[in-house]
Structure formats: structure tokens, C-alpha cells
Amino acid sequence: MLTQRPRGTADILPGAVEHWQRLETAVREVCRLYNFQEIRTPVFEHTELFARGVGETTDIVEKEMYTFMDRGNRSLTLRPEGTAGVVRAYVENKLYGNADAVKLYYLGPMFRYEKPQKGRDRQFHQYGCEVLGSEDPAVDAEVIALNLHILDNLGVKDVAVELNSVGCSVCRPLHKEEMIRRLRPVADRLCEDCQSRLERNPLRIFDCKNESCQALLVEVGAPTIVDSLCDDCRNHFDAVQSALTAMNVDFRLNPHLVRGLDYYTRTAWEYVVEGYSSIAGGGRYNSVVAQVGGPETPGIGFAGGIERVLMVLEAQSQGQKEQPQLDLYVVTVDDAGRQAAASLLQKARKQGFAADRDYLGRSVKAQFKAADRIRARYVAVLGESEVEAGRVALKNLATGEQVDLTWDDAIHQLSKGV
RNA sequence: GUGAGUGUGGCGAAGUGGUUAACGCACCGGAUUGUGGUUCCGGCACUCGUGGGUUCGAUUCCCAUCACUCACCCCA
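Counting with numbering that gives the first Met the number 0, you get residues 0 to 417 for the letters of the first sequence.
Misleading hints may appear alongside valid ones.
What the hints assert, rightly or not - In silico DSSO-like cross-links for lysine-lysine, where the CA-CA straight-line distance does not exceed 27 Å:
no., residue 1, residue 2
1, K114, K208
2, K346, K368
3, K62, K117
4, K368, K349
5, K175, K208
6, K346, K394
7, K208, K62
8, K62, K175
9, K415, K364
10, K415, K368
11, K394, K349
12, K415, K394
13, K156, K117
14, K346, K415
15, K208, K117
16, K346, K364
17, K364, K394
18, K394, K368
19, K62, K114
20, K349, K415
Quick caveat, the hints were computed from the structure, so don't treat them as lab data. Computed from a prediction, not measured in an experiment: that's the story for all the values here.
Could you put together the complete structure from these sequences and hints?
Next up, the structure:
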């Protein structure tokens with residue numbers, strides 16, 4: 000147990016961490032292009048924030064939060080998602096004082112107490128963007144495009160954007176009522192899951208894989224949410240679509256798309272790759288800021304699952320070769336060589352070359368194999384004769400060429416070749 | 001949370017109620033001794049997830065537990 004990580008957590012080891020860094024770099028770079036700025040908020044917040052911000056009746060709040068009492072008897076919760084904390088920071092620091100809409104992004108660990116499976120850990124990681132202070136449909140389109148840009152830069156292929164509008168506080172309740180009115184009389188013919196969905200979130204019934212439920216929806220003529228939008232929402236949704244088209248962003252309408260968090264209004268979307276669960280998703284949330292105690296402020300954002308994006312990326316990029324990791328590997332053949340090695344290594348490193356050596360006293364042959372394994376470009380052989388002459392045998396591992404040089408010349412040589 | 005499956009050396013993977021648990025890869029050493037990615041020879045390494053129980057005896061049978069995988073739920 001001592002040597003076993005907690006369930007649903009992962010060690011990100013060398014070899015994998017490079018992929019994480021690449022993703023993080025892509026997020027930062029693309030966000031810069033769209034003039035989004037990074038924000039870092041605490042990993043835990045007052046439990047209340049999530050209860051109010053994410054929604055009391057969501058699965059997240061009802062059964063997935065990591066909640067604990069601290070020594071001061073405060074109820075705190077490890078953040079299950081990123082938006083609530085960002086909104087809290089926005090309100091607390093009065094960022095709404097800005098004339099412009101505030102464009103923020105974040106990156107970091109999130110926590111949900113769930114049964115782990117592929118692409119679903121208890122500590123997982125998201126990157127996400129939020130825009131606070133504008134309900135311009137152009138913002139919706141821009142945010143949708145932004146993540147597509149990130150995924151594209153990373154080389155994720157075949158990403159489809161699924162788009163829907165889930166209405167607002169005016170039209171959604173009406174739609175919900177209508178759904179319930181039509182389905183309640185035949186509720187006993189719905190599957191078990193859908194019977195509970197009917198009261199909580201009837202929209203989800205459209206997502207049920209059970210054919211009889213789908214047939215029942217048709218039979219009772221249940222309206223989709225997009226068909227029930229109020230004029231304002233309809234216009235907004237139309238404008239978002241034209242903006243996306245104008246930006247050359249492909250999307251497909253999915254009238255059944257529902258997002259899990261209660262706070263979404265109007266635009267809701269997901270990024271899906273065939274054969275995988277959605278790798279990112281977002282939505283507009285026009286009531287969250289007020290919900291959390293700030294001034295009535297519209298917001299919109301998305302979050303991407305880092306593990307999920309990397310999973311797709313890995314599956315799609317089989318057989319990509321690694322880059323050389325080391326410029327120089329010092330092979331020592333005897334005590335004289337081993338003693339001189341440190342000095343040669345430091346000289347090389349101070350010149351900006353990545354350099355390493357053997358510390359296990361292994362044979363020359365084994366040291367060469369090690370140099371190969373870590374893809375060193377050059378090997379410098381140091382033995383008594385070299386040390387006495389103040390020289391090294393420098394071998395290019397790719398070409399097999401080996402030359403006898405002074406240390407300075409050898410280090411100079413490192414900057415040449417590939 | 002529900003259902004199913006899996007858990008043997010660093011990795012992959014055989015195996016049986018009973019003396020020293022195969023093999024492959026990797027790793028280490030050697031092949032006239034200071035040179036790599038091929039070959040040959042030799043070697044190191046396993047509390048058989050963990051804890052109980054049955055048994056003269058269990059890695060192999062039973063129970064529990066932990067972890068992982070898959071599906072559902074839900075989500076990133």
C-alpha cells in the first residue's frame with residue numbers, strides 16, 4: 000500500500016511528460032494568439048462555491064466531490080472543474096471593472112470521485128478558456144475555434160465539433176415542462192435510467208441508447224430543445240452558426256447534445272473524435288457569475304481533458320521517432336578517465352550542451368550501448384592516454400567517425416553536425 | 001454507484017495441489033582483454049497483487065481486500 004498510488008491517480012513519467020509539455024505549450028501559444036491570459040486559481044475552494052456554481056443537482060456535486068473539513072472546521076473541496084474558481088476570482092478581484100471582456104485560460108489538475116477507467120481518473124487534468132463579460136455570438140464562435148486551433152496545432156486529427164443550443168432561463172423551463180407533460184403519462188415505458196432522467200433532466204432522454212426510449216420520444220412527439228428556443232436564443236444560435244461558417248469552422252448540429260453542468264445556457268458544444276468519448280466540451284453560462292454573487296455577467300468557456308487529448312494523439316501518431324536527447328556522452332575507460340570526466344562534462348554543459356556519463360563503472364561496451372540508448376549524438380572517450388595528452392577521442396555515433404581532439408576543439412565540434 | 005474480467009521477475013508471457021516456477025525481451029559480463037545499434041556464450045532477477053482460510057502441503061481451491069481493464073451511469 001505504501002508503494003501504491005491512490006486509486007484513480009497517475010504518475011506521469013519521463014517519456015510521457017514530454018507530451019504533456021508539448022500540449023501545455025500549444026495551449027499557451029494559441030491562447031496568446033487569441034489574446035487570452037493565464038489565470039491560476041486555488042486547487043481547493045469553499046465547498047459552497049461548487050455547490051452553487053456547478054449546480055446542486057449535478058452528478059459532480061451530488062456524488063463526485065472530494066470534500067473535507069480543514070483544521071479550522073471549514074468545508075473545502077478539491078476543484079472538480081475549472082470554471083467556478085475562475086468566476087470566483089473574477090468576482091473577488093473585480094475584474095469586471097475592465098472595459099473589455101475578460102479572456103482567461105487555465106491549466107491544471109481537477110478532482111472527481113469516480114470509478115476510474117480509460118481517460119477517467121480521480122485526479123485528471125484540464126485546460127480551459129473562459130470569456131467573461133460578453134454575449135456576442137462572435138465570442139462563442141471564437142472560443143469554439145480557439146480550441147480547434149489548439150488541437151490542430153497539436154496534430155489531433157478528425158476532430159468534429161458538435162453544436163447545440165440548450166436555451167436560457169426563459170425557454171428551457173418551458174421545454175422541460177413540455178417534455179414532462181408528454182412523457183409522464185407513459186413514464187412506465189421508459190427505461191429505469193430515463194425514468195429518473197424525466198424529473199431531473201429530461202433533455203438527457205434524447206441521449207439514451209435504449210431504442211424503446213427513442214421510439215417513445217417519437218411516439219409522443221417530444222420536442223427537441225433547439226426547436227423550442229425563444230426568439231433571443233434562436234437569433235443568438237443562428238448568429239453563432241454564421242460566425243463559425245464565416246470563420247470556416249466546420250461543425251455539425253446535434254440537437255440532442257446536453258452538457259452535464261447545470262449552468263450552461265444557449266451555446267453548448269463538444270469536440271469529438273470517432274471512437275473516443277468527447278475530448279473537450281464547453282458552453283455559455285450567462286447566470287453563473289450572478290449565481291456566485293457577482294454582477295449579472297455573461298460568460299462562456301470550454302475545457303479540454305488533457306489525458307483524453309493525449310490519448311487520442313498517441314493513438315494517431317504511432318511510430319513517430321524521438322529526438323536526440325543528449326549532445327555528448329562521456330565514456331570512461333579507467334580511473335584516470337573517470338576522474339577527468341567531471342571536468343569535461345562541466346565544460347560542455349557550460350557551453351550549453353546536454354552531457355552525461357556512466358556512473359556505474361560499466362564496461363566500455365556497455366557505456367557505448369547506453370550512449371546509443373539515450374540517443375547521444377557524440378561520445379567522448381576518456382582514458383589515461385587522453386587525459387595525459389589533454390585530448391579526447393570524439394566519436395560521432397551516427398557516422399561512426401572518430402577523431403582525436405583537444406577538449407576545446409571537441410566541444411566546438413559538438414555544435415556541428417546534426 | 002452497478003455488472004463482468006484480470007493481477008506470475010523491469011516488460012511480455014507459460015504453468016501445476018507437492019523437490020531448485022518455463023521461455024522471450026531488457027539488463028550485466030565475456031568472445032585475446034579501451035568502442036555502440038547484428039551474432040554467439042554465460043549470468044543477475046520473481047514475497048506467483050495483499051491478507052486470511054481449506055489442506056500433510058497452494059502460485060495453483062475458497063473468502064476478503066486492493067489495483068487495473070471493459071461496459072453502464074456520468075463526464076473532460
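Now the hints, each set against the structure:
1. K114 x K208: holds (21 Å)
2. K346 x K368: holds (24 Å)
3. K62 x K117: Roughly 20 Å separates the two Cα atoms, so the pair holds.
4. K368 x K349: holds (25 Å)
5. K175 x K208: holds (20 Å)
6. K346 x K394: It holds: about 17 Å lies between the C-alpha atoms, which stays within 27 Å.
7. K208 x K62: holds (23 Å)
8. K62 x K175: holds (24 Å)
9. K415 x K364: holds (25 Å)
10. K415 x K368: The hint holds at about 23 Å.
11. K394 x K349: holds (20 Å)
12. K415 x K394: holds (13 Å)
13. K156 x K117: Given that 27 Å is the threshold and the Cα spacing comes to 20 Å, the pair holds.
14. K346 x K415: holds (17 Å)
15. K208 x K117: holds (20 Å)
16. K346 x K364: Distance of about 25 Å is within 27 Å: holds.
17. K364 x K394: holds (14 Å)
18. K394 x K368: Given pair K394, K368 holds - Cα atoms ~13 Å apart, limit 27 Å.
19. K62 x K114: The given pair, whose Cα atoms are some 11 Å apart, holds under the 27 Å limit.
20. K349 x K415: Roughly 17 Å between the alpha carbons, so the hint for K349 and K415 holds.
Going down the numbered hints, you'll see the structure goes against none, and every one checks out.
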